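With the hints as your guide, set chain P with the ligands onto chain F.
Which chain is which? The protein sequence lines are F and P, in order. Here the numbering used here is used: position 197 in the first sequence is 197, and no number is missing along the way. Here the numbering used here is used: position 232 in the second sequence is 232, and no number is missing along the way.
No lab work stands behind these hints: they were computed from the structure. As the structure is a computational prediction, the values presented were derived from the model and not from experiment. Fair warning: there could be bad hints in the mix.
Footprint (simulated), chain P over chain F, 3 or more residues, beta carbon under 8 Å [claimed, not checked]:
1. 114-128
2. 137-144
3. 211-217
Some but not every residue of chain P turned toward chain F, in silico, with C-beta under 8 Å [claimed, not checked]:
4. R110
5. V111
6. Q142
7. L188
Positions of the beta carbon are idealized from the N, C-alpha and C atoms, including for glycine.
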Amino acid sequence: MTDQPIKAEPAGPGGTPPAGTGLSPRQRQQISRAVQYVVLVAAAVAAVLFVDWASLAQNFAKAEVAEQALPELFTIALKNTLIYSVGGFFFAFLFGLILALMRLSPVRPYRWLAIAYIEIFRGLPALLIFLMILFLPLALPGFEVPGDLYGQGILGLTIVGAAYMAETLRAGLQAVPKGQMEAARSLGMSYGRSMTTIIIPQAVRIVIPPTTNQFVSLLKDSSLVLFLGVSGEYVELTKFGNDLASTHANATPILVVGVTYLLVTIPLGYLATRLEKRQGKGR
Amino acid sequence: MTPVSHAVEIRDLHKHFGKLEVLRGIDFTVEPGQVVCVIGPSGSGKSTLLRCVNLLEQPTAGKVFVEGVELTHRDVDLDAARRRVGMVFQQFNLFPHMTVLENVTIAQRRVLKRGKAEAERIARDNLDRVGLSEKAASYPAQLSGGQQQRVAIARALAMNPSLMLFDEPTSALDPELVGDVLTVMRKLAEEGMTMLVVTHEMAFAREVADRVVFMDGGVIVEDGPPAQVIGSPQHERTKSFLRRVLDPTHTDV
Ligand SMILES: Nc1ncnc2c1ncn2[C@@H]1O[C@H](COP(=O)(O)OP(=O)(O)O)[C@@H](O)[C@H]1O
Ligand SMILES: [Mg+2]
Chain F
1 MTDQPIKAEP AGPGGTPPAG TGLSPRQRQQ ISRAVQYVVL VAAAVAAVLF
51 VDWASLAQNF AKAEVAEQAL PELFTIALKN TLIYSVGGFF FAFLFGLILA
101 LMRLSPVRPY RWLAIAYIEI FRGLPALLIF LMILFLPLAL PGFEVPGDLY
151 GQGILGLTIV GAAYMAETLR AGLQAVPKGQ MEAARSLGMS YGRSMTTIII
201 PQAVRIVIPP TTNQFVSLLK DSSLVLFLGV SGEYVELTKF GNDLASTHAN
251 ATPILVVGVT YLLVTIPLGY LATRLEKRQG KGR
Chain P
1 MTPVSHAVEI RDLHKHFGKL EVLRGIDFTV EPGQVVCVIG PSGSGKSTLL
51 RCVNLLEQPT AGKVFVEGVE LTHRDVDLDA ARRRVGMVFQ QFNLFPHMTV
101 LENVTIAQRR VLKRGKAEAE RIARDNLDRV GLSEKAASYP AQLSGGQQQR
151 VAIARALAMN PSLMLFDEPT SALDPELVGD VLTVMRKLAE EGMTMLVVTH
201 EMAFAREVAD RVVFMDGGVI VEDGPPAQVI GSPQHERTKS FLRRVLDPTH
251 TDV
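The shape of chain F in the complex, shown without the other chains (with noise of 0.2 Å):
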């Protein structure tokens, strides 16, 4: 339902009502309010009478299944999405970093690097990334990831972070006015120092709410885990509330992983929010 305003037709200066209608604009308005209220109002007695709420209740929201998962959910599941996505996080920014600055490098070559890894891993499905993880024992025979699952979880999530990371980062870099460098450079310092005292810090400030919008959307992708394989001592909310469905038969653990990833998801799009807000303001 879209509450289009209405389109005034050309009438004279008087406001005469176009031919046809006989409506001013005003009470148009109105009609298409209230048949967007009746429609709500159908939705929701259709709702009540059609669905099986009994039914509903029990696959869902079943007490005793809820209970089964109770130190766990925290004490292993949430703790470990937390790992992985925290871990992703802060390699997908160290890397995203070295992307970025490789990307404004006077150097052609290492643009060319940046770009490449940049539009690739930009281009392809997060799930794809990890099932080469998977499969990259076959290709590397002798290989191995550092760390055991978790090493792997946070490799393919700072595969996938690094390259959204890097083109954040990069917009922030080039955010910090021109005359920040040219006023380091004329105290004497080298362009590294002044990129790392002067610019990087600068940059970071500004590209701190949609970092931490990645870092949500990171958090999220931490599910994709569940493919590495990931069990015991390992599983994250997904995975665990998966398993847990499975067992008992019933969609409660589905729910409850669900209410847990929007416990923290939701506060932090709220700070983000907020920062960017007040990063408006001060700016």
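Coordinates of chain P with the ligands only, in the frame set by chain F:
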């Protein structure tokens, strides 16, 4: 190397931006302790000339010497050379993520490797010089434009430069704040600092400068004492520029 070292010596300087030739053969010198004001219409290349003196712009051709060191030489240590040349920008360019004190100490600590206590003492001395010692803990955004520009001057002075470059230091300021900055600059001139100042403040040029250089179209048109260049200009281009600057309401279009 020149045997007698001028503070600044520029020989046949050319600068192109792509096809556009912005500087078309500049020759001039500044002696130690001199104050030289550069005036001229917008786009005449004044900023570019100043930026060539500390190699923020790479000249296309010609030579730039500062205290006898050729900055245009391929193997020169530019960072070392720039330490001797302070620069003050039209837009101040203070570091917004640092306090006033940090702005004035950062390069001392990182470039000159001074200790924290020494750097802070020198910073406070220089903030005192520009009348802002009580603002040490503020952030740039909390200061007026005039105060920011004076901090920028203190930041440059804390490096003990032997030459100061000013690129229209008062052009971005509200009129009532211009005086504070010019007073600081005048005091600096009286203390014997070598200064190269791009400005539209004719009163300052007339009273403080030892020499005034008029630029137009990428060349120096006139160069002499203020009484001569501003008081009785020889060239038609200088005359018409001064008419426009000194009496802007009676400009013939
Ligand atoms: N980085 C640059 N790239 C291209 N053109 C430039 C650049 N900097 C300055 N210019 C041009 O050079 C000319 C002289 O500029 P400038 O030295 O800033 O003049 P002024 O300071 O006397 O107003 C102008 O036409 C300007 O557009
Ligand atoms: Mg200029």
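Taking 8 Å as the Cβ threshold, is the statement that the stretch 211-217 of chain F is covered by chain P upheld or broken by the three-residue rule?
Since three or more residues must qualify, the claim that chain P covers the stretch 211-217 of chain F is violated, with 0 doing so at under 8 Å.
Verify this for me: three or more residues of the stretch 114-128 of chain F with a beta carbon less than 8 Å from a beta carbon of chain P.
Check failed, 0 qualifying residues.
Quick one, is the Q142(P) hint okay against chain F at 8 Å, beta carbons?
Result: violated, 12 Å to nearest chain F Cβ.
Quick one, is the R110(P) hint okay against chain F at 8 Å, beta carbons?
Given a least distance of 6 Å, the restraint on R110(P) holds.
Can the hint on V111(P) be confirmed by a CB-to-CB distance to chain F that is less than 8 Å?
With a closest approach of 4 Å, the V111(P) hint holds.
Would you check chain P against the stretch 137-144 of chain F, counting CB to CB pairs closer than 8 Å, and say if three or more residues qualify?
violated (count 0)
Would the stated hint for L188(P) survive a check requiring a Cβ distance to chain F of less than 8 Å?
17 Å, violated
In this structure, the earlier hints numbered 1, 2, 3, 6 and 7 are contradicted, and the remaining ones agree with it.
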